[in-house]
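Using the hints, position chain B against chain A.
From first to last, the protein sequence lines stand for chains A and B.
Be aware that the first sequence starts at 1, since it is given in our numbering, and climbs by one per residue.
Be aware that the second sequence starts at 1, since it is given in our numbering, and climbs by one per residue.
Treat the hints loosely; a few may be bogus.
Straight-line C-alpha distance at most 20 Å; calculated EDC-like pairs for lysine to aspartate or glutamate [claimed, not checked]: (1) 93(A) with 24(B); (2) 56(A) with 104(B); (3) 93(A) with 44(B); (4) 78(B) with 63(B); (5) 78(B) with 52(B); (6) 42(A) with 104(B); (7) 14(B) with 24(B); (8) 56(A) with 45(A); (9) 57(B) with 3(A); (10) 14(B) with 52(B); (11) 42(A) with 24(B); (12) 2(A) with 44(B); (13) 42(A) with 44(B).
Which chain B residues stay away from chain A? Per the calculated CB distances, all over 12 Å, these [unchecked claim]: (14) 17; (15) 27; (16) 28; (17) 61; (18) 68; (19) 71; (20) 73; (21) 83; (22) 84.
Cβ-Cβ distance ranges computed for the label pairs, FRET-style [unchecked claim]: (23) 1(A) with 51(B): 29 to 39 Å; (24) 14(A) with 17(B): 42 to 52 Å; (25) 14(B) with 28(A): 43 to 53 Å; (26) 16(A) with 16(B): 25 to 35 Å; (27) 2(A) with 83(B): 16 to 26 Å; (28) 81(A) with 5(B): 42 to 52 Å; (29) 58(B) with 69(A): 26 to 36 Å; (30) 58(A) with 2(B): 15 to 25 Å; (31) 14(B) with 20(A): 43 to 53 Å; (32) 56(A) with 58(B): 47 to 57 Å; (33) 68(B) with 42(A): 18 to 28 Å; (34) 12(B) with 42(A): 12 to 22 Å; (35) 3(B) with 52(A): 23 to 33 Å; (36) 38(B) with 108(A): 36 to 46 Å.
In short, the hints are calculated from the structure, not lab data.
Bear in mind that the values here come from a model prediction, so they are computed numbers and not experimental data.
Where a beta carbon is used, it is the ideal one built from N, C-alpha and C, also for glycine.
Listed below, chain by chain, are the residues.
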Amino acid sequence: QKEVEQNSGPLSVPEGAIASLNCTYSDRVSQSFFWYRQYSGKSPELIMSIYSNGDKEDGRFTAQLNKASQYVSLLIRDSQPSDSATYLCAVNKAAGNKLTFGGGTRVLVKP
Amino acid sequence: GAGVSQSPRYKVAKRGQDVALRCDPISGHVSLFWYQQALGQGPEFLTYFQNEAQLDKSGLPSDRFFAERPEGSVSTLKIQRTQQEDSAVYLCASSLYQGTFNTEAFFGQGTRLTVV
Chain A
1 QKEVEQNSGP LSVPEGAIAS LNCTYSDRVS QSFFWYRQYS GKSPELIMSI YSNGDKEDGR
61 FTAQLNKASQ YVSLLIRDSQ PSDSATYLCA VNKAAGNKLT FGGGTRVLVK P
Chain B
1 GAGVSQSPRY KVAKRGQDVA LRCDPISGHV SLFWYQQALG QGPEFLTYFQ NEAQLDKSGL
61 PSDRFFAERP EGSVSTLKIQ RTQQEDSAVY LCASSLYQGT FNTEAFFGQG TRLTVV
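Excised from the complex, chain A in its bound form:
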């Protein structure tokens, strides 16, 4: 079992709809959770961080964390074609520790 698991997709979403991305992790002591967006040929760009159970909203993005279920998700509201990218879930155990990444979910937003 991989430490961080994501569905590889592609997740096809109509423009204006909500894209829902899921990520599960295996290490219960994980403390920090991140979502990165990666456009083809580019490096990962941090879009959300979450540390506590519950929801965290930033613009059109909402991250949800459930430590009991070892589950973190990302919702993208009002999806735009520019949101088409691979979304990487990353987890670390403590400050300064390595980030462990999932394989990424490819999202395609169709006009």
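Okay, now just chain B, sitting in the frame of chain A:
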């Protein structure tokens, strides 16, 4: 600089050649990470520095890979006797390291290494 800077952006090496990849982190960032990303995969951890100390090198795939950060700022990843399987994008990231929170890591543009 404002962000993490990596050089070169692209490197073509003949099999057996040694290469050196450079990373200049965000000023003041204590933590520095190297990752390897194969096409269509997520980044895979190689090694981690806290200041000049290499605290974790568990991800280095072989003893041909070596990383250093002698003054706690710029880091170099060296690959000796490159093999075709070393072809990948090498990503560097840095983090401020401020307790449990504010551990966000920011990536450089990466170095795309192609071994021919």
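Hint by hint, which ones does the structure fall short of?
1, 7, 10, 26, 28, 32 and 36
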